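Line by line, the protein sequences give chains A and B. Residue 150 in the working numbering is what sits at position 150 of the first sequence, and the numbering runs on without skipping anything. Residue 417 in the working numbering is what sits at position 217 of the second sequence, and the numbering runs on without skipping anything.
What the hints contain is simulated information worked out from the structure, not anything from laboratory work. This one's a predicted model, so the numbers in the text were calculated from it and none came from an experiment. Errors might be hidden in some of the hints.
Said to hold, decoys possible - Which residues of chain B face chain A? A few of them, derived with a C-beta cut under 7 Å, are:
#1 L213
#2 P219
#3 M221
#4 V223
#5 D225
#6 V227
#7 V231
#8 R233
#9 G271
#10 V272
#11 W273
#12 N276
#13 G467
#14 I491
What the hints assert, rightly or not - Quick list of the computed label-pair ranges, beta carbon to beta carbon:
#15 A:T142 <-> B:P294: 53 to 59 Å
#16 A:K62 <-> B:E385: 55 to 61 Å
#17 B:E495 <-> A:M82: 44 to 50 Å
#18 A:K17 <-> B:G471: 44 to 50 Å
#19 A:S153 <-> B:D457: 46 to 52 Å
#20 A:M82 <-> B:S230: 39 to 45 Å
#21 B:T398 <-> A:K17: 55 to 61 Å
#22 B:E359 <-> A:Q11: 23 to 29 Å
Here a beta-carbon is modelled for each residue, glycine too, at the ideal position from N, C-alpha and C.
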Amino acid sequence: MEHLLEQWVEQAKGGSKEAFSDLVKATQQKLLTYAYPMLGNVQDAEDVVQEVYIRMYRHLDKYTHHVSVMAWLYTICYRLCMNKLKKRSGLMRLLPLLHQEAAMNERAAANRTEPEHDLSLLDGLKAEERNLVVMRIIQGLTYEEISGITGISVAALRKRYERVRQKLQMKCRMERTEQAHERPHHIELKRGVATYDQSI
Amino acid sequence: MTNRYEGSWEYKLASATMPPMDVHDRVMESVARLQRKEDRSTFLSIRRRAWMVPLLATCILIGSGFAYLSGVWLKNDAGDTVLKIRDYNSANLPSPVSDSEWESYISLAQPGETVLVYKAEDNPQKIIGSYTVPSVVQDYEDLKSIVGENFALPASVPEPFTFVEGHGIGFLHPSPELLDDIYAEGEASGQTVTRVITAQQAETAGVTLNLELAEESYVASILGGEHADTWYTDLAQHTDTAVVSILGTEGYIAKVDGSQELFWKHGHGAGSLYYHLSTTDLGEQGKQALISLLEALAAGAVAGQ
Chain A
1 MEHLLEQWVE QAKGGSKEAF SDLVKATQQK LLTYAYPMLG NVQDAEDVVQ EVYIRMYRHL
61 DKYTHHVSVM AWLYTICYRL CMNKLKKRSG LMRLLPLLHQ EAAMNERAAA NRTEPEHDLS
121 LLDGLKAEER NLVVMRIIQG LTYEEISGIT GISVAALRKR YERVRQKLQM KCRMERTEQA
181 HERPHHIELK RGVATYDQSI
Chain B
201 MTNRYEGSWE YKLASATMPP MDVHDRVMES VARLQRKEDR STFLSIRRRA WMVPLLATCI
261 LIGSGFAYLS GVWLKNDAGD TVLKIRDYNS ANLPSPVSDS EWESYISLAQ PGETVLVYKA
321 EDNPQKIIGS YTVPSVVQDY EDLKSIVGEN FALPASVPEP FTFVEGHGIG FLHPSPELLD
381 DIYAEGEASG QTVTRVITAQ QAETAGVTLN LELAEESYVA SILGGEHADT WYTDLAQHTD
441 TAVVSILGTE GYIAKVDGSQ ELFWKHGHGA GSLYYHLSTT DLGEQGKQAL ISLLEALAAG
501 AVAGQ
């Protein structure tokens, strides 16, 4: 696959839009499934990934074979996501709320449904912690690959991951306990969503 | 059957379903817009400035890179294209101002001054030519001190050549208002418009060395290669063409209009250097001398990478 990506990059450097189009088609889902859990909503994820490809296109001539095409794309995407998160860092505490609101707005606008998912686990994590979990668990990258993208040493990543792992384990335990005690509240919430779905 | 992983937070995240997302069409629309914008800015860039290299009568333009035409692609040992030699085409035409016309316009200016020329006739690309009259020096050490270390000149004159004279190649960035004024005047009158600019300091864009060997003349010009990735020329006028490997990068040699010329480039992007050498010696000896001169001139750049 990497060989094919490099071939497309070389062809795109020579002016082939078809090659660039193939490259976008082949790689966009990896970037979107990284950006979405990082940013918490579809619109921001798509905006960032679009910007990744535009930056890549502008700097095609600077691409060398020292890093893989995918690592190059991840690096751009990582930086853009981190910048976006930093910009809204003041709103981080409200992210769970924004998350739901954005999802509802998108449904209303595009009449499309967002699947249920467990990304709410990431709410409350610091930007770098969130990045580490998304890259490790959702993207399946190795510590070495993450180190190449973020510039953080493998040893530091391992330590950080262990701390996040404990934090998330604790969070899961607490959620299970809350669910056991607050079952009626959750049923009501689900009814609310169902009513909303019927009205659009 | 369940595994020990199932139910853990890792499992929840790894199996999370993502919403349908697709940016392909948006990206390609943006790329198309970007391309149209670059085409416009390239056109403006061509209209507003042409790099006139003295005695070489070449015009280096920023290549669009999106139209494949006949030409020579020169690569380095890593397989990367560093320089393209391509035929003139409708988007990249020869300079509308001939060498003899330039000679007369240059006579209007003093060393350090810049002549801007806009020829309204036969100038479909609306090129405004720019030429900064150089201060010629006869001492190689003086030349090195004028151009500094930007062009990686060797410590001494390459042997067995004799240094005749040299100068820095200046490039002025006139104000857009001045360029628009010249352009408007030319369009209104249909005549050639010239302006001599005295006050502004030109940027040193390159260096030219005039050398001699066995009573034959050798001219070497070195320019910053950031925007010189394509050299447009009339390939039909080239004879005895050859691609040769010099210091690990391909160079192009051809006989053009009574001289033997060598084109070569080190690196690409910022910090790269473009070399154009020519000699009146049309024989094999002249060809070998061009290659050895280039090796001597570029050795510093290659060593410094």
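Could you see if the CB distance from E359 of chain B to Q11 of chain A stays within 23 to 29 Å?
This hint is violated: roughly 45 Å between Cβ atoms.
Regarding the hint that P219 of chain B lies at the interface with chain A, is the smallest CB-CB distance below 7 Å?
P219 of chain B check passes; min Cβ-Cβ to chain A is 5 Å, inside 7 Å.
Return holds or violated for the Cβ distance of T398 of chain B and K17 of chain A against the range 55 to 61 Å.
Hint violated: Cβ distance 46 Å, outside 55 to 61 Å.
Cut-off 7 Å, beta-carbon criterion: hint that V272 of chain B touches chain A
Cβ of V272 of chain B sits 15 Å from chain A, so the hint is violated.
Have a go at the V227 of chain B hint: is there a Cβ in chain A nearer than 7 Å to its own Cβ?
Since chain A brings a Cβ to about 4 Å from V227 of chain B, closer than 7 Å, the hint holds.
Taking the closest Cβ pair, is V231 of chain B under 7 Å from chain A?
holds, 5 Å
Can R233 of chain B be said to touch chain A, with a Cβ gap under 7 Å?
With a closest approach of 10 Å, the R233 of chain B hint is violated.
Pairwise beta carbon distance, S153 of chain A to D457 of chain B, judged against the given window 46 to 52 Å:
violated, 60 Å
Is the interface hint for V223 of chain B satisfied, with its Cβ closer than 7 Å to some Cβ of chain A?
With Cβ-Cβ at 5 Å, under 7 Å, it holds.
Should the hint that G271 of chain B touches chain A count as held when the rule is a Cβ pair under 7 Å?
violated, 12 Å
Hint check: 7 Å Cβ-Cβ cutoff, W273 of chain B to chain A
Check failed: Cβ of W273 of chain B comes no nearer than 9 Å to chain A, outside 7 Å.
Quick check: does the Cβ-Cβ distance between E495 of chain B and M82 of chain A fall within 44 to 50 Å?
holds, 47 Å
Hint compliance for this structure: hints 5, 8, 9, 10, 11, 12, 13, 14, 16, 18, 19, 20, 21 and 22 are not met, and every other hint is.
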